[in-house]
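*Asks:* Dock chain B against the given chain A, drawing on the hints supplied.
In order, the protein sequences belong to chains A and B. Just so you know, the numbering used here puts 204 at position 50 of the first sequence, and the rest follows in order with no gaps. Just so you know, the numbering used here puts 109 at position 80 of the second sequence, and the rest follows in order with no gaps.
Keep in mind that the hints were calculated from the coordinates and are not lab data. Please note that a few of the clues may not be correct.
[To be verified] Listed below are the simulated EDC-like cross-link pairs for lysine to aspartate or glutamate, each with C-alpha atoms no more than 16 Å apart in a straight line:
{"id": "1", "chain 1": "A", "residue 1": "216", "chain 2": "A", "residue 2": "238"}
{"id": "2", "chain 1": "B", "residue 1": "266", "chain 2": "B", "residue 2": "186"}
{"id": "3", "chain 1": "B", "residue 1": "152", "chain 2": "A", "residue 2": "249"}
{"id": "4", "chain 1": "A", "residue 1": "231", "chain 2": "A", "residue 2": "253"}
{"id": "5", "chain 1": "B", "residue 1": "189", "chain 2": "B", "residue 2": "268"}
{"id": "6", "chain 1": "B", "residue 1": "152", "chain 2": "A", "residue 2": "273"}
{"id": "7", "chain 1": "A", "residue 1": "216", "chain 2": "A", "residue 2": "234"}
{"id": "8", "chain 1": "A", "residue 1": "182", "chain 2": "B", "residue 2": "214"}
{"id": "9", "chain 1": "B", "residue 1": "123", "chain 2": "B", "residue 2": "263"}
Note that the structure is a prediction, hence the values are computed from the model and not measured.
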Amino acid sequence: MKPARKQRLILISLMVIGVAIATGFALKSFNENLMYFFSTTDVVAGKAPKDSLFRLGGMVIKGSVERPGDGMMVRFKLTDFSKEVTVEYTGILPDLFREGQGIVAHGKLNAQGVFIAEEVLAKHDENYMPPEVKASLKTKSLSEKGQ
Amino acid sequence: MFLVPDIVVRFFHRMASPPHYYALTQRLMPWLVTVFVLLTLAGLYGGLYLAPADYQQGDSYRIIYIHVPAAWMSLFIYMVMAIAGAIGLIWRIKLAEVVAISSAPIGASFTFIALFTGSLWGKPMWGTWWVWDARLTSELILLFLYLGVIGLYGAIDDKKIASKAVAILALVGVVNIPIIHYSVEWWNTLHQGPTVTKMDKPSIHVSMLIPLLLMALSFKSYYLIALMQRSRIELLKRERNSQWVKTMILEADK
Numbered sequence: 155m156k157p158a159r160k161q162r163l164i165l166i167s168l169m170v171i172g173v174a175i176a177t178g179f180a181l182k183s184f185n186e187n188l189m190y191f192f193s194t195t196d197v198v199a200g201k202a203p204k205d206s207l208f209r210l211g212g213m214v215i216k217g218s219v220e221r222p223g224d225g226m227m228v229r230f231k232l233t234d235f236s237k238e239v240t241v242e243y244t245g246i247l248p249d250l251f252r253e254g255q256g257i258v259a260h261g262k263l264n265a266q267g268v269f270i271a272e273e274v275l276a277k278h279d280e281n282y283m284p285p286e287v288k289a290s291l292k293t294k295s296l297s298e299k300g301q
Numbered sequence: 030m031f032l033v034p035d036i037v038v039r040f041f042h043r044m045a046s047p048p049h050y051y052a053l054t055q056r057l058m059p060w061l062v063t064v065f066v067l068l069t070l071a072g073l074y075g076g077l078y079l080a081p082a083d084y085q086q087g088d089s090y091r092i093i094y095i096h097v098p099a100a101w102m103s104l105f106i107y108m109v110m111a112i113a114g115a116i117g118l119i120w121r122i123k124l125a126e127v128v129a130i131s132s133a134p135i136g137a138s139f140t141f142i143a144l145f146t147g148s149l150w151g152k153p154m155w156g157t158w159w160v161w162d163a164r165l166t167s168e169l170i171l172l173f174l175y176l177g178v179i180g181l182y183g184a185i186d187d188k189k190i191a192s193k194a195v196a197i198l199a200l201v202g203v204v205n206i207p208i209i210h211y212s213v214e215w216w217n218t219l220h221q222g223p224t225v226t227k228m229d230k231p232s233i234h235v236s237m238l239i240p241l242l243l244m245a246l247s248f249k250s251y252y253l254i255a256l257m258q259r260s261r262i263e264l265l266k267r268e269r270n271s272q273w274v275k276t277m278i279l280e281a282d283k
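Chain B with its partners taken away, still in its complex shape:
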């Protein structure tokens, strides 16, 4: 199980070294921003202009181009945060701790967007802003978990201890992720069942599906951009006394 080829191990060790990560993310950034802008423009054009209106909801359904990718990201980022936290706990890799805590505010924002846009859509379609059904409630708990992670990290001064505490909280909260995903199947909920991730063919017309997937990729690339920016700042803060930061700043001053 732990027989990982040497080259892979070396790759991860190199990736996990802060100066290397700092330089690499700087080089990747313009490419990522380009990809993000292109995907977002294509996704929005496809979703808001090219895609036809829905047979039941008319144009109101177009909120899925924000709501669904944001909800997917809220789960995805939580998993990244928890796994990075676990790696930080087990292997004591500083970069993993930084990635975990940098993900939290981004995940919290996506969760908030998913809840907010869902509420806007719910009022005209269901007839209510909010109901306490299993899907909506578990997604709200996810938002509180993110806020708890951010709060806990801020409350502890020693950032090494803070990272450990946050990782444990994030790992305990992982149990909520399958609950959110399967809530619409396990219990009667007002929220509809899954459309795209159903095991048989998705019950969404292909002209509506393609912009949705483009938007999902666009949100993913936005997450990468935001994560890199946040983690770079967090790294600089933590490593402010180390040699590579001093050298870098001295060189920038010249």
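If we strip away everything but chain A, and leave its shape as in the complex, we get:
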């Protein structure tokens, strides 16, 4: 390789590596801000903001969805499989809102530690399968549990 080319190759590699390191540091320092939502463990540990709006993500616990009034109010519990947070929401839920599915809610905590959501978004998981396969998976896991 000719010296001039080698020099350019080294210069360009240094530039790319430099930019990568700079971006790495920037992302590391903004790590908290880049999180789209807080987990339920963060909220229970008091890491989430007390008085301002924030997003809370987690899985809707099976059997926890209830409608206490006759209005549009829904109450359910979110979990990240370690801590739970109760959420109250008044409004229309997205199509994918189901028990056992992940959601992201936007709102704030009230004095009792209940999360009052203004908006609920469904977080889709990365699994795709036909309904028959899902049904057979379910029966399989049920029969395994029964043993």
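*Replies:* Showing chain B alone in chain A's frame:
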């Protein structure tokens, strides 16, 4: 590291010569178009007709047959553009510069398609058109990088200097590519994690996966077709004063 066999070097030198590239792409074109049409028909038939509905999303999930390949291509084309730009900078190969700049509008289109189809799907599924989570935002930055490359190239009259400027911009932007790919793993995002490229087995049923891979190949072949067409025109523009272009046009006139 730089001990490349002589035959490989000669192959690249031949490939990089504009008249040879121009003639070769002309011969390849009908084959590529055939492959593209067959793959697209097979992929769409498999994806829209043969593949079953999803257990959660019903038929809405079928947008992945456009969305996912377009998003893959948006990253892939960026890497091609940046690497071609680097080759142009280091070895001063004209064809590499042409490939880099010809890739930009195609990549920008795929990025736009990925963002647009994702938004269409997001409204019924998530309940929102757009959120500022890490995946969506970094993909939007990718679109701006592509547009920046196109704009910068157009703004500089001397195309040799323009190619260098564009290559440096593209190389700086490379840092965004791993960010887009890993955004769903590094941070909490509304966008779901990877399905197909997970290291363990893909969490998509095989009857849905095959059409998806066919569509990915179809988009790849479309990129090749579009790249060749664009680069041929760009080559002719740049080489308009050279002997091989003059000879070719004179021969066509006869």
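*Asks:* For a quick check of understanding: which of the numbered hints are violated here, in increasing order?
*Replies:* No numbers; nothing is violated.
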